[in-house]
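Can you make the complete structure from the sequences, with help from the hints?
One letter stands for each residue in the lines below.
2 protein chains.
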Amino acid sequence: MREVSTVSYMSAVDIKARKKALKKIERAFSKLVKDILSGKTPTLVIRKRTLANTVFDAERGLLRIGNATLKRSFLNAGEAKKFMQTVLIASIIHEALKNDEYPTIRDLYYRGKHTIRFRDLATGRVREENTWDEQKESDSVIRDLEVLIDMLREEMLILSKEKGKVVGDMRIKSGDDIIDLSKMGHGAYSIEPTPDFIEFKDVNAEFVLVIEKDAVFQQLHRAGFWKKYKALLITSAGQPDRATRRFVRRLSDELGLPIYILTDADPYGWYIYSVFKVGSITLSYESERLATPSARFLGVSMIDIFGSDKLKKKPYLTEAERKNYIIKATDTDIKRAKELKSYEWFRTKRWLEEINIFLKKKAKLEIEALTSKGLRFLMDTYIPEKIETGDWIA
Amino acid sequence: MREVSTVSYMSAVDIKARKKALKKIERAFSKLVKDILSGKTPTLVIRKRTLANTVFDAERGLLRIGNATLKRSFLNAGEAKKFMQTVLIASIIHEALKNDEYPTIRDLYYRGKHTIRFRDLATGRVREENTWDEQKESDSVIRDLEVLIDMLREEMLILSKEKGKVVGDMRIKSGDDIIDLSKMGHGAYSIEPTPDFIEFKDVNAEFVLVIEKDAVFQQLHRAGFWKKYKALLITSAGQPDRATRRFVRRLSDELGLPIYILTDADPYGWYIYSVFKVGSITLSYESERLATPSARFLGVSMIDIFGSDKLKKKPYLTEAERKNYIIKATDTDIKRAKELKSYEWFRTKRWLEEINIFLKKKAKLEIEALTSKGLRFLMDTYIPEKIETGDWIA
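For the protein sequence lines, the chains are A and B, in the order given.
Per the working numbering, numbering through the first sequence is continuous, rising by one, with the last residue being 394.
Per the working numbering, numbering through the second sequence is continuous, rising by one, with the last residue being 394.
Among the hints, erroneous ones may be present.
With a straight-line cut-off of 25 Å between C-alpha atoms, the simulated SDA-like cross-links for lysine to any residue are [claimed, not checked]:
(1) 373(B) x 373(A)
(2) 230(A) x 257(A)
(3) 373(A) x 362(B)
(4) 34(A) x 47(A)
(5) 113(A) x 373(B)
(6) 227(B) x 257(A)
(7) 161(A) x 183(B)
(8) 161(A) x 381(B)
(9) 183(A) x 199(B)
(10) 173(A) x 177(B)
(11) 81(B) x 321(A)
(12) 314(A) x 373(A)
(13) 335(A) x 356(A)
(14) 230(B) x 114(A)
(15) 20(B) x 177(B)
(16) 373(A) x 140(B)
(17) 183(A) x 205(B)
(18) 362(B) x 20(A)
(19) 20(A) x 31(A)
(20) 349(B) x 361(B)
(21) 136(B) x 113(A)
Away from chain A, derived, C-beta distances all over 12 Å, residues of chain B [said to hold, decoys possible]:
(22) 14
(23) 28
(24) 105
(25) 225
(26) 331
(27) 355
(28) 373
Computed from the model, here is a short list of chain B residues facing chain A with C-beta under 8 Å [stated by the list, open to error]:
(29) 11
(30) 15
(31) 111
(32) 190
(33) 197
(34) 200
(35) 204
(36) 223
I should point out that these hints are in silico values taken from the structure, not numbers from a laboratory.
This one's a predicted model, so the numbers in the text were calculated from it and none came from an experiment.
Glycine included, C-beta positions come from ideal geometry on N, C-alpha and C.
So, in structure tokens, the structure goes:
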């Protein structure tokens, strides 16, 4: 094997990040060494990532991990395997950081996967045990490590596939390059998997429009939406990944830009909005950095489709358009809507109204149905009108 | 509704493309007008897009549409609906081109979807007929139109979601911007849905590496692979879309760069390679512009995993690594492998060997299994060694 260093090709940001992550891991695990040296049983104390330990922090408007903790002790038969897995993943990541590597979570699963042979002290027989069999086991341990050392995996230079894109009148520094997001032609800038390393240089935009669907993003970008309305245009291309969520959160926090989210009018779209806004339940420990509590649901809303006598709001669709465009909700849609209705952050007057219309009409609508009314309708009527009149759901 | 033109935000390339597409549609359909004026039954003659009319052109190394045609006549009861659909889609696209819009195929489905009421001359009753009920109907008619006027939908400014990304030492012009693909920081350039409009300005690269998996692309990009080995690095993020295929083809044709494709070692990966290389069966009429017959399958090959006594080739994996990394093939994998074996372009000595090893071992491997041996192994041993020694499958 040729021994060639990759260091010279690494960005200055990455070199700095490696040092920081190494230090954090070493500090967390030096406690174990101390335990051993002083004759104590080495034990890890980690906050629980269970549903019961997930709290909706109404004041801050996001999901948080609670304070309940679990212990993983080396000398407890029930905890020994998890203890071993946690130490194993930490040592693999530590090694990767030292070797200037960029593993993915799939890599880490493979790197750690092996069989341990040991003598069973009770029977005297040699037995075998796999470190793990499936990726969900190693993924779970990576999350434990994130909680334990209070550091997201991205900060440990663990990469992942990345779907989010952005265009707009803004300059950023990523790696060693300055990138002008207003000079992407018909293409777009694909956000890096580690958006915390991005430096915002300057921006000339009044709001951020996040679009669920890549194809609609392409249309609005191509027609010059972001130039005309001074927007940053982002697509999550479906369910948002961690990097897109963090990028949006930073735009909100650091630049103070209002964030509008545009999805299909269905429970799946609402869930996408919910993940951007309060975080996801299974990964509540990330929400403190990934959620954007100020995010607004711009549409498409049920009232946009059907209107509301109570709110004196006319629908954007005619009876004939509704007949052509509306899709019948599936059983899964309805089940999901009922689930969302039980979440605290959906129990506002306006959201309950929205969900109830859906459950009554059993109807959903795709954004494309609006584009089919003409791209100008979406671009020059629907979106700007709703933003100007504050016709969004918080 | 505000009447605001979007023209001023359109790129010069798009303005030119609109004119060209309008002219082509008008020319094709003026024949119908002539038919009517001269008392003939208006009839469209379109090449068939059936499996039977799909030919593997061994000399050129790609799938082609054959010469069999079908007729769609307005006054034939069995053809009238398809005739109407074809004219309808053409008129919607024509309208969109004139209005400076950028529809997607989903939009076009919605735009054309409506109910036609007519009097049944036989019974005298009023009946209703939908233009179409499902998107696959309108999609099929769009493909007919592409064949009829010999113009890909992208050239008619019909957009779509787009997954392909690229980085490397190359400058392109897209829209009105010059983009330096070597200055993307840790992110990447997301290819536009209409890659024929891209202008290649200058390039400093010796080959193109196309990677199936976005996460592996991120790793190699971040570690500086393309800088170190003078490569253009591309990911298709799974099954390649039309734009990524066209972009790769143009890099091959116009810049004469060798194209290497890196996928998982499984029939799904082989199929991705096959789509890049010869095209897809259902869309054979596109292959003349989307396929890259010179593309090479770099790996991961079955021989890389298991070695070959016949070829005197040692495997890249040790016995222990195989034990840890190999995944058992599913029934679907095996069915797909047998299917591929029947395709003419897979019936080469080397490919049959590859498929037979797979069918014998019933084993597959992910690229990530190689990355887990260390990113340097993939970057500094596996890929460059295979390219240098010509260890790829044509």
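- Violations among the numbered hints, reported as their numbers in ascending order: 1, 3, 6, 14, 18, 21, 22, 24, 25, 28, 30, 34, 35
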